[in-house]
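First to last, the protein sequences are chains A and B. For the first sequence, position 31 matches number 31 in the numbering used here, and the numbering has no gaps at all. For the second sequence, position 96 matches number 96 in the numbering used here, and the numbering has no gaps at all.
Quick caveat, the hints were computed from the structure, so don't treat them as lab data. Where is the CB? At the ideal position from N, CA and C, for every residue including glycine. Possibly wrong hints are sitting among the right ones.
Unchecked claim - Selected chain A positions facing chain B (in silico; Cβ < 8 Å):
1) Q42
2) L44
3) L46
4) G109
5) R111
To be verified - Here are the computed distance ranges between Cβ atoms for each label pair:
6) S30(A) x S38(B): 28 to 34 Å
7) R22(A) x G40(B): 17 to 23 Å
8) Q45(A) x N52(B): 25 to 31 Å
9) L56(A) x K15(B): 21 to 27 Å
10) K11(B) x Q45(A): 46 to 52 Å
11) S27(B) x H82(A): 30 to 36 Å
12) Q80(B) x K69(A): 40 to 46 Å
13) E85(B) x S52(A): 23 to 29 Å
14) D18(B) x A1(A): 30 to 36 Å
15) P12(A) x N52(B): 31 to 37 Å
16) K58(A) x P61(B): 35 to 41 Å
17) N52(B) x I60(A): 31 to 37 Å
18) P61(B) x S27(A): 26 to 32 Å
19) V11(A) x Q84(B): 44 to 50 Å
Stated by the list, open to error - If you want the ones that stay clear, here's a sample from chain B, every Cβ over 12 Å from chain A, calculated:
20) E14
21) G16
22) R22
23) G28
24) Q41
25) S58
26) Q80
27) E108
28) V114
29) V115
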Amino acid sequence: AQSVTQLDSQVPVFEEAPVELRCNYSSSVSVYLFWYVQYPNQGLQLLLKYLSGSTLVKGINGFEAEFNKSQTSFHLRKPSVHISDTAEYFCAVSDLMNTGFQKLVFGTGTRLLVSP
Amino acid sequence: GAGVSQSPSNKVTEKGKDVELRCDPISGHTALYWYRQSLGQGLEFLIYFQGNSAPDKSGLPSDRFSAERTGGSVSTLTIQRTQQEDSAVYLCASSPLWASGNTIYFGEGSWLTVV
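Make the full structure from the sequences, and use the hints.
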């Protein structure tokens, strides 16, 4: 079964500074990777996803992530953060079940705290 | 509606009581999921429905948990004889069809507190 590791439970950063949120996944022959964001008291919203092709994936709100197969990583980056980016960020990988369907396996999340 | 709708948004219940959580997926979405988010934890998969196929219940933590989906649309997650460790946010999600890489859309969750 797939697994996802988000080593940083919390990342404090100043407004307009760059940020990187780390995500590592367990190795597999093929993998689909996702980043979701959860704003306070809201559900999860898809930021971006990697299915195939270019290893650099661009998402909403200026975020991007790079798929690195050799390092089994899918780190999320933003060159300049805003106060409004304060939220919980979840990395996820798809996992093929015995039933044939694929479910998302999530990491424990990274809380991004942006201060003025 | 425009998104996945869940009710109640908040529920406080006494230990030992049964609770029902409702999910109304996005219209036309055939796949429906339930996840649980506990404090300080990631999202834990509970159950998956796809059309008329038998649900995948492999994530349900105990036999106190059950879910059904009527008419291929609305789903209800039932927790019997609630325990304090059941306190969590229960998230419902749906997608048009589970094909690899399809986006899953989440509701805002039902916050359950067992006292």
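Now the hints, each set against the structure:
Because the closest C-beta pair between Q42(A) and chain B is about 6 Å apart, less than 8 Å, the hint holds. About 4 Å separates the beta-carbon of L44(A) from the nearest beta-carbon of chain B, less than 8 Å, and the hint is met. The beta carbon of L46(A) is positioned within 8 Å of a beta carbon in chain B (closest approach about 5 Å), and the interface hint is therefore held. For G109(A), the suggested interface contact is upheld, since its CB lies about 6 Å from the closest CB of chain B, less than 8 Å.
About 10 Å separates the beta-carbon of R111(A) from the nearest beta-carbon of chain B, more than 8 Å, and the hint is not met. Between S30(A) and S38(B) the beta carbon distance is about 30 Å. The supplied range of 28 to 34 Å therefore holds. Checked against the given bound of 17 to 23 Å, the beta carbons of R22(A) and G40(B), roughly 18 Å apart, stay inside it. For the pair Q45(A) and N52(B), the supplied restraint of 25 to 31 Å holds, since their beta-carbon distance comes to about 29 Å.
Distance hint check: the CB atoms of L56(A) and K15(B) are about 50 Å apart, inconsistent with the given range 21 to 27 Å. Taken as a hint, the range 46 to 52 Å is violated for the pair K11(B) and Q45(A), whose Cβ atoms sit roughly 23 Å apart. The supplied range of 30 to 36 Å is met by S27(B) and H82(A), whose beta-carbon atoms lie about 33 Å from each other. For Q80(B) and K69(A), the Cβ-Cβ distance of about 45 Å falls inside the hinted range of 40 to 46 Å, so the restraint holds.
Under the hint 23 to 29 Å, the C-beta atoms of E85(B) and S52(A), about 40 Å apart, miss the expected range. Checking the proposed 30 to 36 Å range against D18(B) and A1(A) shows it holds: the Cβ atoms sit about 31 Å from each other. For P12(A) paired with N52(B), a C-beta distance near 48 Å fails the hint of 31 to 37 Å. For the hinted restraint 35 to 41 Å between K58(A) and P61(B), the CB-CB distance of approximately 37 Å keeps it satisfied.
In this structure the supplied range 31 to 37 Å holds for N52(B) paired with I60(A), their Cβ-Cβ distance being about 34 Å. A hinted range of 26 to 32 Å holds for the C-beta pair P61(B) and S27(A), which are about 27 Å apart. Checked against the given bound of 44 to 50 Å, the beta carbons of V11(A) and Q84(B), roughly 31 Å apart, lie outside it. Non-interface status of E14(B) relative to chain A is upheld: no Cβ of that chain comes within 12 Å, the nearest being about 24 Å off.
No Cβ of chain A comes within 12 Å of the Cβ of G16(B); the nearest lies about 28 Å off, and the non-interface call holds. For R22(B), the shortest C-beta to C-beta distance to chain A comes to about 15 Å, beyond the 12 Å cut-off, and the non-interface label holds. Even its closest Cβ contact with chain A, about 18 Å, leaves G28(B) beyond 12 Å, as expected for a residue assigned away from the interface. The beta carbon of Q41(B) is not kept farther than 12 Å from every beta carbon of chain A, the shortest such distance being approximately 6 Å.
Look at S58(B): its CB is around 7 Å from the nearest CB on chain A, not clear of 12 Å, so calling it non-interface is violated. The non-interface label for Q80(B) is consistent with chain A: the shortest C-beta to C-beta separation is roughly 24 Å, beyond 12 Å. Here E108(B) does not stay apart from chain A, with its beta-carbon only about 4 Å from theirs, under the 12 Å limit. Distance check on V114(B): its Cβ is at least 20 Å (rounded) from any Cβ of chain A, clearing the 12 Å threshold; non-interface status holds.
Against chain A, the non-interface label of V115(B) holds: every CB pair exceeds 12 Å, the least being about 21 Å.
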